[in-house]
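In order, the protein sequence lines correspond to chains A and B. The opening residue of the first sequence carries number 492 in our numbering; numbering runs sequentially from there. The opening residue of the second sequence carries number 861 in our numbering; numbering runs sequentially from there.
Treat the hints with care, as some may be off.
Here are the simulated DSS-like pairs of lysine-lysine, each with C-alpha atoms no more than 30 Å apart in a straight line [stated by the list, open to error]:
{"#": "1", "chain 1": "B", "residue 1": "K1391", "chain 2": "B", "residue 2": "K991"}
{"#": "2", "chain 1": "B", "residue 1": "K1140", "chain 2": "B", "residue 2": "K1314"}
{"#": "3", "chain 1": "B", "residue 1": "K949", "chain 2": "B", "residue 2": "K1415"}
{"#": "4", "chain 1": "B", "residue 1": "K893", "chain 2": "B", "residue 2": "K989"}
{"#": "5", "chain 1": "B", "residue 1": "K948", "chain 2": "B", "residue 2": "K893"}
{"#": "6", "chain 1": "B", "residue 1": "K1303", "chain 2": "A", "residue 2": "K495"}
{"#": "7", "chain 1": "B", "residue 1": "K892", "chain 2": "B", "residue 2": "K1009"}
{"#": "8", "chain 1": "A", "residue 1": "K495", "chain 2": "B", "residue 2": "K963"}
{"#": "9", "chain 1": "B", "residue 1": "K893", "chain 2": "B", "residue 2": "K949"}
{"#": "10", "chain 1": "B", "residue 1": "K949", "chain 2": "B", "residue 2": "K892"}
{"#": "11", "chain 1": "B", "residue 1": "K1415", "chain 2": "B", "residue 2": "K1314"}
{"#": "12", "chain 1": "B", "residue 1": "K1006", "chain 2": "A", "residue 2": "K500"}
{"#": "13", "chain 1": "A", "residue 1": "K500", "chain 2": "B", "residue 2": "K1192"}
{"#": "14", "chain 1": "A", "residue 1": "K495", "chain 2": "B", "residue 2": "K893"}
{"#": "15", "chain 1": "B", "residue 1": "K989", "chain 2": "B", "residue 2": "K963"}
{"#": "16", "chain 1": "B", "residue 1": "K1404", "chain 2": "B", "residue 2": "K1303"}
{"#": "17", "chain 1": "B", "residue 1": "K989", "chain 2": "B", "residue 2": "K1415"}
{"#": "18", "chain 1": "A", "residue 1": "K495", "chain 2": "B", "residue 2": "K1108"}
{"#": "19", "chain 1": "B", "residue 1": "K1006", "chain 2": "A", "residue 2": "K495"}
{"#": "20", "chain 1": "B", "residue 1": "K1006", "chain 2": "B", "residue 2": "K989"}
{"#": "21", "chain 1": "B", "residue 1": "K1303", "chain 2": "B", "residue 2": "K1344"}
Treat the hints as calculated values from the structure; they're not laboratory data.
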Amino acid sequence: MPIKVDTEKCTQCGNCETQCPGDLIRMDPETGYPMNAYPDDCWYCAVCEVECQFDALRMVFPTLII
Amino acid sequence: MSQTIPFETITTDLLIIGGGTAGPMAGIKAKKKNPEADVLIVDKATVKRGGSICRGMDAYNNVTIPGEATVDEYVEAVDIISDGIQDKKVNRVLAENSFQMLKDLEEWGAAAFPRNEDGSFMVQQFHPKGKFLTEMRGDIKPVMAKLCKKLGVRTMDRTMATRVLTDAQGRATGATLLNVRTGECTLCKAKTVLICTGSNGRFNLPDTGFLFGSFDCPFNAGEGLSMVYEAGGELCNMEHHIFSPMIKDFEGPGHSTFTRYGAYLINAEGERFMLNYHEKGERAPSGIRGMAMRREVVEGRGPLYYDLRHLDAETVEIIKDGLFSCERPTEKEFFQNRNIDIGKDLIELTVSGPNICGGHGLAGVKVDETARTTVPNLYAAGDVASTCMGFVGAAWVFGSLAAEDAVSRLDEIQAPEVDEADARAEFQRLLAPLHRDEGLEAKEVEYKIRRMVKPYLASPKHGGRMESALRLVRQYRGEIDQIKVQDLHGVMKANEISSILDTVEMSLQASLFRTESRWGYGHYRSDFPEKSPEWDGCRVVVRKNADTNAMETVKETVA
Ligand SMILES: Cc1cc2nc3c(=O)[nH]c(=O)nc-3n(C[C@H](O)[C@H](O)[C@H](O)COP(=O)(O)OP(=O)(O)OC[C@H]3O[C@@H](n4cnc5c(N)ncnc54)[C@H](O)[C@@H]3O)c2cc1C
Ligand code: SF4
Ligand code: SF4
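Let the sequences and hints guide you as you build the complete structure.
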């Protein structure tokens, strides 16, 4: 998965999508919320979490890491 | 696919490829030196967040602070780590300029360097000799990105450079660029080019079993190394491998922070084993440490651990502050998930490696003391370059020096000439995986290449095994040409995989050529187990033979 979005808090601003250093996040065309389109390529760096000013996103560790 | 791919042509004075750590510093220094110069940074991520620092950083590992350490001491320390295989001129320049970087970063508000009560810097010993490490705090990159903008540095995010182009005289004259979101192709003509792409974070298959679960930034896949090689430049020390203790299953930072505050490495019997292998104990050069840790495990004394239990509460708090804030919330969460309190519980580690990097090791592009490569008008700075354990200091110092040198030479350099057919051919090659009707899965090809590294190329290395691996390299080249991808993200990946294979081949060729053992597991050959005086002071250079186009290796004395 490795991002979890709180849709109550997310303003769909797109910051996480703009800044992920692996270019993994896309705004879901159906829901408008961010999703990790390439979860196998996540470095669990937490830039997405740090970049969210609305405390709406949690980085989730890939299953192999936890 | 035979149809021609359209591309736009742009020009600049200084093209900086990679906007991680070295790149923005270079952009800022270039504009400060010559405000008239046109400076462009391209990054396949973003200048605000891309690169190694995106996972955080808690120390300036190699700064020579007047009164705390000397330039001579720094060069001596690197000599110990590199076993004499360093360019002393380069490291002298690094040491001489490293403190200015600290002052600049502090003045710009990009980083803070905490002081002791008496106003002195919080320096620690991290190298085998001398105190060159000082604590560092702050979210550096957004400040650097803003300053670049303010000074008029142009930036292109999500833009991957794929080839450095050269003219008939072999001078660098620009690069081919692909926007990995829109697919736009650009030919950038540049009077000077500076490569700051980091090294190859995706070299071996990490113990995490996760392709992107590596210590070094996996979004740097060795493209800078390939670009310099293809442009006719030279690389060196590619046989040198890094083995580092890493937190098991995480492969994140910790070692430097733990050990500089006095943590022990212990085996399953509770013994502080490093002292049996090297007088510097935990601070032994990485290859010696790697060899020692492997032996402990092979001889049945594993698993191995970090032990912080003897440290006082205040020290543990400083460690936590560094690791859990600057190094991002991820590390904190990892330990929480596992119910590990780092001051009270043992922390299991793994021996990560072999890895390749100029920042943490010796392997990279051959550069001089102004970061010039052997290709005219082409520079390289940061982890991509071989400065020998240059860490963040090399990225900042040589990013600065390269940029300042480049923009002060602009009047001497004629308008860059590029054969557009070269660019056209490159875009064709690059986008081919998108247009194949069928083909191989990129991830599987990457997996195959990287799973070869540990059994065939890691120490203890052996000539016969490495020859077999070179045969596999040839097979995998063919497989790369069959990769089929669905989107532009896949195009980026296919290009990265090609560079990963280049790095592996360079490392194999250099490892075969160095017929001795050196740096512990950094380069240990079971068929040449001794260090040979014939190789003292000599490095292996890898380059492309201009006539045959084949990869060749030569021995060179390093001053
Ligand atoms: C987790 C971690 C912790 C570290 N902690 C410390 C520390 O505490 N102290 C210390 O001194 N050092 C530390 N280091 C080392 C230090 O971070 C690096 O030496 C330094 O940041 C390297 O800078 P760089 O500019 O060479 O590469 P990077 O900062 O990695 O930047 C490379 C940039 O190039 C871009 N790029 C790559 N390929 C291309 C391409 N083909 N086209 C366009 N762009 C491209 C990438 O997107 C990236 O933004 C750490 C490293 C890591 C990985
Ligand atoms: S953790 Fe890092 S790599 Fe993973 S999705 Fe977030 S920003 Fe991207
Ligand atoms: S940064 Fe936060 S608010 Fe903005 S899109 Fe991402 S999750 Fe939503």
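Evaluation of the provided hints:
Restraint check for K1391(B) and K991(B): satisfied, since their Cα atoms lie roughly 29 Å apart, inside the 30 Å limit. Between K1140(B) and K1314(B), the direct Cα distance comes to roughly 27 Å. Compliance with the 30 Å bound is thereby established for this hinted pair. A threshold of 30 Å between alpha carbons decides the hint, and for K949(B) with K1415(B) the separation of about 19 Å falls inside it, so the pair holds. Note on K893(B) and K989(B): the hinted pairing is violated, with a Cα-Cα distance of about 35 Å set against a maximum of 30 Å.
Between K948(B) and K893(B) the CA atoms are separated by roughly 26 Å; this keeps the pair inside 30 Å, and the hint holds. Of the pairs offered as hints, the one joining K1303(B) and K495(A) holds, with about 24 Å between alpha carbons and a cut-off of 30 Å not exceeded. Annotation: proposed proximity of K892(B) to K1009(B) holds, straight-line Cα distance about 12 Å (limit 30 Å). Distance restraint check for K495(A) and K963(B): the Cα-Cα separation of roughly 39 Å exceeds the 30 Å cut-off, and the hinted pair is therefore not satisfied.
For the hint linking K893(B) to K949(B), the alpha-carbon distance of about 23 Å falls within 30 Å, and the restraint holds. This hinted pair checks out: K949(B) and K892(B) have alpha carbons roughly 25 Å apart, not beyond 30 Å. Using a Cα cut-off of 30 Å, the hinted pair K1415(B) and K1314(B) holds, with the two alpha carbons roughly 25 Å apart. Restraint check for K1006(B) and K500(A): satisfied, since their Cα atoms lie roughly 27 Å apart, inside the 30 Å limit.
With a C-alpha separation of about 24 Å, the suggested pairing of K500(A) with K1192(B) holds against the 30 Å cut-off. Simply put, K495(A) and K893(B) have alpha-carbon atoms about 45 Å apart, too far for the 30 Å limit, and the pair is violated. For the hint linking K989(B) to K963(B), the alpha-carbon distance of about 24 Å falls within 30 Å, and the restraint holds. Of the pairs offered as hints, the one joining K1404(B) and K1303(B) holds, with about 28 Å between alpha carbons and a cut-off of 30 Å not exceeded.
The straight-line distance between the Cα atoms of K989(B) and K1415(B) is roughly 29 Å, inside the 30 Å bound, and the hint therefore holds. Our distance criterion of 30 Å between C-alpha atoms is met by K495(A) and K1108(B), whose separation comes to about 25 Å. The hinted pair formed by K1006(B) and K495(A) meets the criterion: a straight-line CA distance of about 29 Å does not exceed 30 Å. With a C-alpha separation of about 37 Å, the suggested pairing of K1006(B) with K989(B) is violated against the 30 Å cut-off.
With a CA separation close to 10 Å, the supplied pair K1303(B) and K1344(B) stays within the 30 Å bound.
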